[in-house]
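For reference, the chains in residue letters:
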Amino acid sequence: MAPKNQKKMAIIASKGALDMAYPPLILATTAAAMDMDVTIFFTFYGLEIIRKNQADKLKVSPIANPAMHMPIPTVVGALPGMEAIATSMMKSMFKKHGVATIGQLLELAMESGVKLIACQMTMDVMGIKQEDIIKGVEFGGAATFMDIAADCQISLFV
Amino acid sequence: MSAEIKADQVLDCKGMSCPLPILKTKKAVEALQKGQILKVDTTDPGSKNDMSSWAKRTGNEILSVQEGSGTFTFFIKKTA
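Protein chains in written order, with our numbering: chain G, 42 to 199; chain Y, 212 to 291.
There could be a bad hint or two in this list.
[As the list claims (entries may be wrong)] Which residues of chain G face chain Y? A partial, calculated answer using Cβ under 8 Å:
| # | residue |
| --- | --- |
| 1 | 57 |
| 2 | 71 |
| 3 | 74 |
| 4 | 138 |
The hints are simulated quantities; they were obtained by calculation from the structure and are not laboratory data. Note that beta-carbon positions come from the ideal geometry of N, C-alpha and C, so glycine has one too.
Based on the provided sequences and hints, a complete structural model is requested.
Take a look at the structure:
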């Protein structure tokens with residue numbers, strides 16, 4: 042039952058790093074909870090978020106991130122194991138602060154009717170098949186997104 | 212005083228961060244009948260503003276907000 046003046050939001054999720062997967066999902070679930078009609082378009086590395094069994098395996102890059110609270114020089118960040126360390130540090134910080142996991146947010150998004158669209162072109166380029174993507178996701182391209190975004194009050198690129 | 216407000220349902224969101232208190236509040240309010248009251252406890256300092264924005268957007272009414280030491284208690288009436 043969509044009210045006439047229902048607000049709409051369309052987000053492009055283009056990043057597959059753990060820290061960059063949060064903003065689209067936090068905003069999408071919150072907007073849905075505020076009775077908005079929400080679509081997320083997953084493209085490029087953002088597709089990792091909706092790949093089967095990948096949502097909770099996303100990682101934080103310790104390289105070229107000078108804003109990290111414990112800044113890691115790029116040469117050190119490039120060492121084997123540093124990515125795993127940065128990732129587990131962030132995950133434990135999130136857990137300590139009662140932040141939902143990416144998998145939980147994805148589930149909540151789907152539960153609350155957020156529409157998920159996977160970019161077919163980048164899937165083809167990156168060798169991702171439709172059966173590699175979680176159930177409930179639709180497939181489309183730029184025109185599909187633009188058609189939805191044209192009717193939105195809020196449109197974000199992450 | 213808000214001590215007089217009687218909640219039909221209680222939701223504990225203590226220890227949760229954004230956006231979970233909002234998502235859980237939405238779910239809990241949806242399960243109520245119109246006119247019923249939900250009491251929500253949070254510890255997220257952002258939830259004070261978040262809850263009022265959420266209520267404004269969804270057309271529900273916050274009857275009272277009580278601040279304790281590091282806690283917030285909201286009484287939300289389902290009006291939408």
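Hint-by-hint comparison with the structure:
Using the Cβ-Cβ criterion of 8 Å, the hint placing residue 57(G) at the interface with chain Y is not satisfied: the shortest such distance is roughly 21 Å. Of the supplied interface hints, the one on residue 71(G) holds, with its beta-carbon coming within about 4 Å of a beta-carbon of chain Y, less than 8 Å. A cut of 8 Å between beta carbons decides the hint on residue 74(G): the least distance to chain Y is about 4 Å, and the hint holds. For the restraint placing residue 138(G) at the interface with chain Y, the shortest Cβ-Cβ distance is roughly 5 Å, inside the 8 Å limit, so the hint holds.
Violated hint for the displayed structure: number 1, the only one.
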